[in-house]
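Chains as they are written, first to last, in the working numbering: chain A, 533 to 1162; chain B, 14 to 341.
None of these hints come from the bench; they were simulated from the model.
Just to be clear, a hint being listed does not mean it is correct.
Estimated spans, in silico, between C-beta atoms of each pair [said to hold, decoys possible]:
#1 B:Val122 x A:Val908: 53 to 61 angstroms
#2 B:Asp90 x A:Pro833: 23 to 31 angstroms
#3 B:Asn262 x A:Asp852: 43 to 51 angstroms
Calculated lysine-lysine pairs in the DSBU-like style (CA-CA distance at most 30 angstroms, straight line) [what the hints assert, rightly or not]:
#4 A:Lys871 x A:Lys893
#5 A:Lys865 x B:Lys328
#6 A:Lys928 x B:Lys229
#7 A:Lys843 x B:Lys274
#8 A:Lys865 x B:Lys293
#9 B:Lys293 x A:Lys871
#10 A:Lys840 x B:Lys78
#11 B:Lys239 x A:Lys901
#12 B:Lys328 x A:Lys845
#13 B:Lys328 x A:Lys840
#14 B:Lys208 x A:Lys840
#15 B:Lys328 x A:Lys843
#16 B:Lys229 x B:Lys208
#17 B:Lys239 x A:Lys845
#18 B:Lys328 x A:Lys901
#19 A:Lys840 x B:Lys274
#20 B:Lys239 x A:Lys865
#21 A:Lys901 x B:Lys78
Only part of the chain A face toward chain B is listed, based on derived beta-carbon distances under 10 angstroms [as the list claims (entries may be wrong)]:
#22 Lys627
#23 Pro833
#24 Asp835
#25 Asp839
#26 Glu841
We put the beta carbon where it would ideally sit given N, CA and C, even for glycine.
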Amino acid sequence: VCFILGGLDCSISFVSHVLGKVCVHGRQKEILGVLVPRLTDLTKSDCIWQRICWRLVECVPDRWMEAVVLGFVQKAQGADVLSRLLGNLVVKNKKAQFVVTQKMLLLQYGHATAMLQNLLGYLALDGLRRTLLLRVLQELLETWGSSSTVKHSPPEQQLYISKAILICLSHLKEPEIESCRQELLTSMMEGVKCHLDSSLPQLRRLGMVVAESISSKISTEGPVLKFEYEEDDETAELKSLLVQTPPFCVVTNLPDDDRIEKADAALPLVPESNETSHTAAPVMPDEESDAELDSDDDLIPYDMSEDKELKIKAPVYIRDCIEVLTGSEDVDKWEATVKALESLVRKNPAATREVSVELAKILLHLEEKTCVEGFVELRQRAQVAVLTTDPIPVAKYLTSQFYSLNYSLRQRMDILDVLVLAAQELSCPKFHGKIEHSGAQKPCIKLLPGTDSSKDWRRIVDERIKSKTRRFDTGQSRIEQASGPNEFNSVAGHFFFPLIQHFDRPLTTFDLLGEDHLVLGRLVHTLAILMYLAVNTVTVVAMGKALLEFVWTLRFHTDSYVRQGLLSCISSLLLSVPAERILADMTEELLETQSWLGGKIGGGGNIRAFLVSDAVFVQHLFNCDGSVDV
Amino acid sequence: MALPPPDPQFVLRGTGAAVHTLHFSCGGPEPDIPVLFSGSENGFIHVWNLRTHRVDTALDGHGRKSVYCVETMGGKDRLLSQGRDQRICLWDLAEGRTAVTDSVSMEHVGFCRCSLLKVAQGRWLMAMAARSLEEVQILELPSKTSVCTLKPEVGAKLGMPMCLKLWQLNCGSQPVLLAGYEDGSVVLWNVSMGKALSRLVCHQEPVMSLDFDSEKAKGISGSSEKVLSIWSLNEQQNLQVCKTHELVNAGISDITIRPDKKILATGGWDHRIRIFGWKKLKPLAVLDYHTATVHCVSFSDHRNPRDRLLAAGSKDQRISVWSIYAQT
Chain A
533 VCFILGGLDC SISFVSHVLG KVCVHGRQKE ILGVLVPRLT DLTKSDCIWQ RICWRLVECV
593 PDRWMEAVVL GFVQKAQGAD VLSRLLGNLV VKNKKAQFVV TQKMLLLQYG HATAMLQNLL
653 GYLALDGLRR TLLLRVLQEL LETWGSSSTV KHSPPEQQLY ISKAILICLS HLKEPEIESC
713 RQELLTSMME GVKCHLDSSL PQLRRLGMVV AESISSKIST EGPVLKFEYE EDDETAELKS
773 LLVQTPPFCV VTNLPDDDRI EKADAALPLV PESNETSHTA APVMPDEESD AELDSDDDLI
833 PYDMSEDKEL KIKAPVYIRD CIEVLTGSED VDKWEATVKA LESLVRKNPA ATREVSVELA
893 KILLHLEEKT CVEGFVELRQ RAQVAVLTTD PIPVAKYLTS QFYSLNYSLR QRMDILDVLV
953 LAAQELSCPK FHGKIEHSGA QKPCIKLLPG TDSSKDWRRI VDERIKSKTR RFDTGQSRIE
1013 QASGPNEFNS VAGHFFFPLI QHFDRPLTTF DLLGEDHLVL GRLVHTLAIL MYLAVNTVTV
1073 VAMGKALLEF VWTLRFHTDS YVRQGLLSCI SSLLLSVPAE RILADMTEEL LETQSWLGGK
1133 IGGGGNIRAF LVSDAVFVQH LFNCDGSVDV
Chain B
14 MALPPPDPQF VLRGTGAAVH TLHFSCGGPE PDIPVLFSGS ENGFIHVWNL RTHRVDTALD
74 GHGRKSVYCV ETMGGKDRLL SQGRDQRICL WDLAEGRTAV TDSVSMEHVG FCRCSLLKVA
134 QGRWLMAMAA RSLEEVQILE LPSKTSVCTL KPEVGAKLGM PMCLKLWQLN CGSQPVLLAG
194 YEDGSVVLWN VSMGKALSRL VCHQEPVMSL DFDSEKAKGI SGSSEKVLSI WSLNEQQNLQ
254 VCKTHELVNA GISDITIRPD KKILATGGWD HRIRIFGWKK LKPLAVLDYH TATVHCVSFS
314 DHRNPRDRLL AAGSKDQRIS VWSIYAQT
């Protein structure tokens, strides 16, 4: 195949056929790995070779066209190379057009970014093909902007489509943007709305980046859309796609107005300070010598050792703290109180217990008065401290407030976070003071719940038994790990049941099953963590039953974050509740759950992982216990 | 072994509100009574008799709005006061009168204290912040005619003028203005020509107060940060930074150099008054008496050096009067 003679008028349809057949049988890589570089070199300057190459691809029969085109797009070194190799194939051949514009962009999403660049660059390079580029962009935007895509398609596919959109945008020229400005604007507005509605932060960020890019393209003067989000590798990569080598492209990140002004103001200042620094140097030595001549020593300094930094003292009593936080106008004192509160609460448990609910109420409503560093964390740690010191009344208050009117979503989610952190602390006392914020996303905490308390009487009984019984074999002595009572045992129910109780009752400002599905997702994850932390407690079986029913009612929820939470609930349940109790008390619910797990749940990679592990576990449970007929 | 800092010689109580400004008038010949004028937040100007340590008169001329600047114009019979009611009042206090003879309406709503300079017998120049944000207006008193308006160049972004000082090298030379602005820079203006001679950025935060020694052509400025900046004026009329001094606590509200140019005093937000030697800015003393921000410090103009006093007014409504380094 590689040695076609020049100067002869030959028909190469035979070659095309062979190429097509080989490609469709899956040998694309091998054959194109050899063919494409050769052709790239040959077609670089030689028109005849270009035409030969075009004829080659055009003659491939339709049924094998897809494989060939895919292979070429993957192997070509750049958009211009692809353009030389394929020519106007996409315009002439219907099948190729379908593959390039529809299949590879919308239906498949596993291809690399470089391949996307090649493809779209290829479409952009020729006038005939540019109409296709515009059409592709419109279709991509339509897909990107539809709410069903955002809700149901996997995040990887959404990332792929976003990348394709950004690359298309980077290829568009001014007149083309002019002609489709209105459509771009409308689709951007719709799309950004759906994206911001999603519960997954990754999708929200994707939406924001794409919307910003579109807006910067369509409005070159005047303010552009700018969102606030955390920059990371993904967003940096996406933004880099917008900047192409052609010179007319606009850089995405426009600095804030403030910074521009400061930069301008800094310029006249800089020459000033330069001057001053130049002239200051010669002045200094003169002054020094002068000063040495006159002495100032007739003025004897006084003792200044008391001159220290001014520190505002925080109150020492809890009740004083309450007073300062609720009433005081003195902001310095308020700041000092906020910083000192957590340690005060922990040092004075008895005093805290007297005022625990009041303190919890104040902390829940506490707003940032001055700019304290780490205010949110300070408040949260203080809340956790109060909750662990006096769990039952404070948990009751917090769970009741979760379902009350007139709280913001942020406050409700804060309640959930505080409950989780406190539960974590209560269930393993030896980690006291070193708790990391788990983010309440996944129950990936490794904890060792303490065993029940070893009271004095038990020790005495044990010793008596030891002395009275004869031991034949002591067995291997294991090092006992330091244990303390599991304080979560007595209060787990108080944390768990009130949260699960009212989820289906909508309030005017808070509808868990409706719009506020973000909070529902967080609630489900919180319940999963609480379930996990309740291992070895007395109430775990009742909790498990309630949880299974809760999961069952919500199993068809549309939000994938919620579904992920439900699956993690099942995982924690399977881990916490002892196997015998599951099989004994919850057989029917478990069977139903198993059938649900076997069906399609949909969602991204995370969900699938959970799904598989849960299903396997359940099956294992059933298999272990021979008495149940499955 | 260094001595502990001295206690105040006496403390004047009874203003009833935070004290924002102080001015001594003790230069009169015997048997004139040395007097201290204080302006408070409740709009009263108290005239303190420094022999009896009691209020002789209380002047109410600013509609109970805070008085933030008090100056005498040649003797204690003529007083100028500036208040938050946007008025500058001229008082005639001779022979026990308490009348406002004249007033200048300021359109500036701010805290910038005006600065007075005697240019000839009976003629004064006063610099005050003007209506427009960055401008300073120079008026001639008592005729109240405007001499000029000092406008910074477009795009300079100096912000409000925070503190002013008019001075002239000696009688007959050109009056010059030093102005500290909100962006932390100090600008030297030529008043007769109305243009800026030099600008120095010496702070990152607004310049709260400045003072200048015309003999040594050296000045000092303090701001809301922890740094005191000392700068000098060279022959080409250019300002340059000589030295900076770092303080323990941030925030300076007032700086004043003693008339004999030997020491200077600063009043700080950390409730303390600091005394430095002016030659090398050697820290000399930290006077810790007040329990709230010290708003103003002022040295007296006694003829006899041994009688010299330093007064400090604070938000805790007390005026502490100290006799410190009076022997030198």
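To see whether the hints hold, each was checked on the structure:
no., hint, in the structure
1, B:Val122 x A:Val908: 53 to 61 angstroms, "violated (37 angstroms)"
2, B:Asp90 x A:Pro833: 23 to 31 angstroms, "violated (39 angstroms)"
3, B:Asn262 x A:Asp852: 43 to 51 angstroms, "violated (25 angstroms)"
4, A:Lys871 x A:Lys893, "holds (18 angstroms)"
5, A:Lys865 x B:Lys328, "holds (18 angstroms)"
6, A:Lys928 x B:Lys229, "violated (73 angstroms)"
7, A:Lys843 x B:Lys274, "violated (34 angstroms)"
8, A:Lys865 x B:Lys293, "violated (37 angstroms)"
9, B:Lys293 x A:Lys871, "violated (41 angstroms)"
10, A:Lys840 x B:Lys78, "violated (35 angstroms)"
11, B:Lys239 x A:Lys901, "holds (24 angstroms)"
12, B:Lys328 x A:Lys845, "holds (20 angstroms)"
13, B:Lys328 x A:Lys840, "holds (21 angstroms)"
14, B:Lys208 x A:Lys840, "violated (43 angstroms)"
15, B:Lys328 x A:Lys843, "holds (18 angstroms)"
16, B:Lys229 x B:Lys208, "holds (23 angstroms)"
17, B:Lys239 x A:Lys845, "holds (21 angstroms)"
18, B:Lys328 x A:Lys901, "holds (23 angstroms)"
19, A:Lys840 x B:Lys274, "holds (28 angstroms)"
20, B:Lys239 x A:Lys865, "holds (21 angstroms)"
21, A:Lys901 x B:Lys78, "holds (28 angstroms)"
22, Lys627, "violated (63 angstroms)"
23, Pro833, "holds (5 angstroms)"
24, Asp835, "holds (4 angstroms)"
25, Asp839, "holds (4 angstroms)"
26, Glu841, "holds (6 angstroms)"
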